[in-house]
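According to my numbering, the sequence shown holds residues 3 to 459 in order.
Treat the hints with care, as some may be off.
Claimed, not checked - Straight-line Cα separation of at most 20 Å, SDA-like style, residue types lysine to any residue; simulated pairs:
{"id": "1", "residue 1": "K431", "residue 2": "I174"}
{"id": "2", "residue 1": "K352", "residue 2": "L312"}
{"id": "3", "residue 1": "K396", "residue 2": "D412"}
{"id": "4", "residue 1": "K205", "residue 2": "K152"}
{"id": "5", "residue 1": "K201", "residue 2": "E40"}
{"id": "6", "residue 1": "K352", "residue 2": "T271"}
{"id": "7", "residue 1": "K152", "residue 2": "K182"}
{"id": "8", "residue 1": "K205", "residue 2": "T143"}
{"id": "9", "residue 1": "K396", "residue 2": "P41"}
{"id": "10", "residue 1": "K201", "residue 2": "D65"}
{"id": "11", "residue 1": "K201", "residue 2": "D302"}
{"id": "12", "residue 1": "K417", "residue 2": "G78"}
{"id": "13", "residue 1": "K238", "residue 2": "P41"}
{"id": "14", "residue 1": "K181", "residue 2": "A213"}
{"id": "15", "residue 1": "K238", "residue 2": "R198"}
{"id": "16", "residue 1": "K205", "residue 2": "R360"}
{"id": "17", "residue 1": "K156", "residue 2": "A97"}
{"id": "18", "residue 1": "K152", "residue 2": "P194"}
{"id": "19", "residue 1": "K156", "residue 2": "S136"}
{"id": "20", "residue 1": "K84", "residue 2": "T285"}
{"id": "21", "residue 1": "K352", "residue 2": "S363"}
{"id": "22", "residue 1": "K430", "residue 2": "T271"}
{"id": "23", "residue 1": "K152", "residue 2": "S136"}
{"id": "24", "residue 1": "K430", "residue 2": "V299"}
{"id": "25", "residue 1": "K352", "residue 2": "A213"}
{"id": "26", "residue 1": "K238", "residue 2": "L203"}
{"id": "27", "residue 1": "K205", "residue 2": "L312"}
{"id": "28", "residue 1": "K352", "residue 2": "R368"}
{"id": "29", "residue 1": "K182", "residue 2": "T271"}
{"id": "30", "residue 1": "K421", "residue 2": "V435"}
{"id": "31", "residue 1": "K152", "residue 2": "Q137"}
{"id": "32", "residue 1": "K430", "residue 2": "R198"}
{"id": "33", "residue 1": "K396", "residue 2": "E40"}
{"id": "34", "residue 1": "K238", "residue 2": "V70"}
{"id": "35", "residue 1": "K238", "residue 2": "E72"}
{"id": "36", "residue 1": "K152", "residue 2": "L200"}
{"id": "37", "residue 1": "K396", "residue 2": "R407"}
{"id": "38", "residue 1": "K417", "residue 2": "L312"}
{"id": "39", "residue 1": "K182", "residue 2": "T143"}
{"id": "40", "residue 1": "K84", "residue 2": "A68"}
Read the hints as simulated data drawn from the structure, not as lab findings.
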Amino acid sequence: MAEELPLKNSEHQQRNARLQPYLGTHRTYPTPRAIPAEPAGCQLLHINHLGRHGSRYPIELDDVLALVSEYETLVGTRPLTKTGSQLRVDIHRMADWLRNNPARIAQLTEKGINEELALGQRAARMLRPETRNSQQLSIATGTSEMDRTKHSLKMFQEGLSRELGENMHVIIRPVMPDKKMAELLTPFFHCPRLDRTLKPLAKSATAEYIANLSHSHPDISTRFADQLIPGLSDAKAIRLAINLFHLCRIENPLDQSFGICDTFTDWTTDDSWLGLVQWLGDTANHIYYYSMGPAVVMDDIQSSMGMPILRHFLDTTDAAARDESDVRAHFRFAHDATLSPLLQSIGIIKTRGAEDERYLSWNTSRQLPMAANLYWQLYECRDGLKVRMLVNEKAEPFPFPPCSRQELCDWREVKQHYKHADYQDRMKKACFVDELDAQPLSSSIQEIELSASGNMI
Numbered sequence: 003m004a005e006e007l008p009l010k011n012s013e014h015q016q017r018n019a020r021l022q023p024y025l026g027t028h029r030t031y032p033t034p035r036a037i038p039a040e041p042a043g044c045q046l047l048h049i050n051h052l053g054r055h056g057s058r059y060p061i062e063l064d065d066v067l068a069l070v071s072e073y074e075t076l077v078g079t080r081p082l083t084k085t086g087s088q089l090r091v092d093i094h095r096m097a098d099w100l101r102n103n104p105a106r107i108a109q110l111t112e113k114g115i116n117e118e119l120a121l122g123q124r125a126a127r128m129l130r131p132e133t134r135n136s137q138q139l140s141i142a143t144g145t146s147e148m149d150r151t152k153h154s155l156k157m158f159q160e161g162l163s164r165e166l167g168e169n170m171h172v173i174i175r176p177v178m179p180d181k182k183m184a185e186l187l188t189p190f191f192h193c194p195r196l197d198r199t200l201k202p203l204a205k206s207a208t209a210e211y212i213a214n215l216s217h218s219h220p221d222i223s224t225r226f227a228d229q230l231i232p233g234l235s236d237a238k239a240i241r242l243a244i245n246l247f248h249l250c251r252i253e254n255p256l257d258q259s260f261g262i263c264d265t266f267t268d269w270t271t272d273d274s275w276l277g278l279v280q281w282l283g284d285t286a287n288h289i290y291y292y293s294m295g296p297a298v299v300m301d302d303i304q305s306s307m308g309m310p311i312l313r314h315f316l317d318t319t320d321a322a323a324r325d326e327s328d329v330r331a332h333f334r335f336a337h338d339a340t341l342s343p344l345l346q347s348i349g350i351i352k353t354r355g356a357e358d359e360r361y362l363s364w365n366t367s368r369q370l371p372m373a374a375n376l377y378w379q380l381y382e383c384r385d386g387l388k389v390r391m392l393v394n395e396k397a398e399p400f401p402f403p404p405c406s407r408q409e410l411c412d413w414r415e416v417k418q419h420y421k422h423a424d425y426q427d428r429m430k431k432a433c434f435v436d437e438l439d440a441q442p443l444s445s446s447i448q449e450i451e452l453s454a455s456g457n458m459i
């Protein structure tokens with residue numbers, strides 16, 4: 003196969019931008035062109051927020067090294083093309099760089115810092131109409147116990163303060179005691195049934211899905227492999243493409259490019275590379291669907307784990323609606339595995355129906371990128387109290403009638419819809435296991451990560 007000519011810089015950047023929507027939970031934050039304006043005839047009363055931390059380095063160096071080892075197994079002693087030889091160097095260069103910078107593991111990258119600074123500035127613009135007749139603003143904040151969520155909050159607050167200006171005195175209070183806050187924001191650490199019963203089932207479903215890929219793979223994966231390692235079998239070509247895609251996803255949030263993602267975007271002069279990336283993105287999306295999405299095998303555990311956070315959104319919004327608190331915003335920072343259950347509890351991610359129906363509403367690139375966020379904005383309007391929901395700073399109607407066709411929803415409708423009779427005990431019941439059959443829980447605290455073969459690690 004003939005070597006392709008290097009792309010010009012502008013086209014190269016455009017192709018990398020087109021790659022982003024398929025990188026799932028490793029996608030850098032898709033900054034909106036503008037945040038929704040304050041609705042006419044309405045005044046902001048309160049903001050409720052849950053955000054994922056900004057772009058970060060890999061959580062575990064061992065995860066990266068496992069992918070590198072798998073890549074080397076696929077290469078074996080086979081001859082490589084010029085492109086394949088350079089890629090091999092690039093992969094080891096990234097692994098060596100991460101190995102030589104252990105203090106950065108699981109911390110925010112410069113991209114992540116800038117994402118949170120900018121998010122804080124835009125949050126200040128949301129709040130500015132609320133503060134126009136005041137020189138004081140009270141907010142409440144909280145995070146999980148991870149350094150990256152605490153750093154994200156710090157940078158977010160910095161952006162907020164910069165935008166509000168020196169004349170605005172911002173009073174910052176804890177949402178609740180740190181330990182209680184961390185427990186609320188990491189429900190997956192307090193759900194024995196998730197680890198002991200459901201994760202093994204999800205792992206089996208994932209393995210079955212990966213095994214079935216060989217029966218429906220696109221021919222393009224073989225052509226892609228040929229430009230790197232000629233002569234691989236179809237099954238190994240699929241494994242190679244998935245392996246390199248996971249390495250690309252690890253590289254994407256980093257501040258330094260090692261050229262791994264370029265392997266996908268630069269290998270053809272037409273758009274056929276995009277077809278491969280779309281297929282790989284769907285594969286990764288499916289893998290996360292089984293581990294943290296609304297898959298039938300997970301028995302609605304995710305939406306149950308989101309219930310306590312939804313309850314807190316409802317309670318704090320109601321306190322603002324009743325004018326029982328002077329706190330004008332609640333800002334919380336956690337993880338994709340925190341935000342996903344909340345989106346399922348609200349109904350943005352569907353948890354009912356057949357597997358295909360559920361999967362249609364599951365899109366980690368759109369819903370759970372780095373620095374992903376959910377806002378509820380409470381407004382006092384001419385015709386009563388209204389709530390607007392934003393997902394990644396874009397208006398998202400509440401998923402029930404009569405609100406599903408409009409941005410603003412009557413606050414009474416929101417309260418009524420989410421006030422389930424079994425609400426308080428739902429997570430407790432869903433997470434219960436018989437202690438006589440229980441196995442010890444892992445003490446490892448990390449977000450869900452995937453190996454190139456689709457296993458949770």
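Structure-based check of each hint:
Proximity of K431 to I174 is assessed by CA-CA distance (about 35 Å); at most 20 Å being required, the pair is judged violated. Pair hint K352 plus L312 holds up; C-alpha atoms about 16 Å apart against a cutoff of 20 Å. Taking the CA atoms of K396 and D412, the gap is about 19 Å. The hint holds against a cut of 20 Å. Under the criterion of a C-alpha separation no larger than 20 Å, the hint pairing K205 with K152 is inconsistent with the structure, at around 31 Å.
Among the hinted pairs, K201 with E40 is inconsistent with the structure: their alpha-carbon atoms are about 43 Å apart, more than 20 Å. For the hint linking K352 to T271, the alpha-carbon distance of about 38 Å lies beyond 20 Å, and the restraint is violated. Proposed proximity of K152 and K182 is supported: the alpha carbons are some 15 Å apart, at most 20 Å. As the CA atoms of K205 and T143 are separated by approximately 35 Å, the hinted pair breaks the 20 Å bound.
Using a Cα cut-off of 20 Å, the hinted pair K396 and P41 holds, with the two alpha carbons roughly 14 Å apart. Of the pairs offered as hints, the one joining K201 and D65 holds, with about 19 Å between alpha carbons and a cut-off of 20 Å not exceeded. Straight-line distance between C-alpha atoms of K201 and D302 comes to about 13 Å, which keeps the hinted pair within the 20 Å bound. Our distance criterion of 20 Å between C-alpha atoms is broken by K417 and G78, whose separation comes to about 60 Å.
Taking the CA atoms of K238 and P41, the gap is about 54 Å. The hint is violated against a cut of 20 Å. Restraint check: the Cα-Cα separation between K181 and A213 comes to about 42 Å, which exceeds 20 Å; the hinted pair is violated. Of the pairs offered as hints, the one joining K238 and R198 is violated, with about 32 Å between alpha carbons and a cut-off of 20 Å exceeded. Of the supplied pair hints, the one linking K205 and R360 holds, its CA atoms being roughly 18 Å apart against a limit of 20 Å.
Only pairs whose Cα atoms come within 20 Å are accepted, and K156 paired with A97 is rejected, the gap being roughly 29 Å. Taking the CA atoms of K152 and P194, the gap is near 26 Å; set against the 20 Å cutoff, the hint is violated. A hinted pair counts as satisfied when its Cα atoms are at most 20 Å apart, and K156 with S136 does not qualify at roughly 24 Å. With a C-alpha separation of about 28 Å, the suggested pairing of K84 with T285 is violated against the 20 Å cut-off.
Of the supplied pair hints, the one linking K352 and S363 holds, its CA atoms being roughly 6 Å apart against a limit of 20 Å. For the proposed pair K430 and T271, the alpha carbon gap of about 54 Å is over 20 Å, so the pair is violated. At roughly 28 Å between alpha-carbon atoms, K152 and S136 are farther apart than 20 Å, so this suggested pair is violated. The suggested pairing of K430 with V299 holds, with an alpha-carbon distance near 19 Å, which does not exceed 20 Å.
With a C-alpha separation of about 26 Å, the suggested pair K352 and A213 falls outside the 20 Å cut-off, and the hint is violated. A threshold of 20 Å between alpha carbons decides the hint, and for K238 with L203 the separation of about 26 Å lies outside it, so the pair is violated. With a C-alpha separation of about 28 Å, the suggested pairing of K205 with L312 is violated against the 20 Å cut-off. Annotation: proposed proximity of K352 to R368 holds, straight-line Cα distance about 15 Å (limit 20 Å).
Of the pairs offered as hints, the one joining K182 and T271 is violated, with about 54 Å between alpha carbons and a cut-off of 20 Å exceeded. Restraint check: the Cα-Cα separation between K421 and V435 comes to about 26 Å, which exceeds 20 Å; the hinted pair is violated. Taking the CA atoms of K152 and Q137, the gap is about 26 Å. The hint is violated against a cut of 20 Å. Taking the CA atoms of K430 and R198, the gap is about 15 Å. The hint holds against a cut of 20 Å.
Of the supplied pair hints, the one linking K396 and E40 holds, its CA atoms being roughly 13 Å apart against a limit of 20 Å. A hinted pair counts as satisfied when its Cα atoms are at most 20 Å apart, and K238 with V70 qualifies at roughly 15 Å. Note on K238 and E72: the hinted pairing holds, with a Cα-Cα distance of about 11 Å set against a maximum of 20 Å. Straight-line distance between C-alpha atoms of K152 and L200 comes to about 30 Å, which puts the hinted pair past the 20 Å bound.
Taking the CA atoms of K396 and R407, the gap is about 15 Å. The hint holds against a cut of 20 Å. Restraint check: the Cα-Cα separation between K417 and L312 comes to about 11 Å, which is no more than 20 Å; the hinted pair holds. For a cut-off of 20 Å, the pair hint linking K182 to T143 stands: about 13 Å separates their Cα positions. Our distance criterion of 20 Å between C-alpha atoms is broken by K84 and A68, whose separation comes to about 24 Å.
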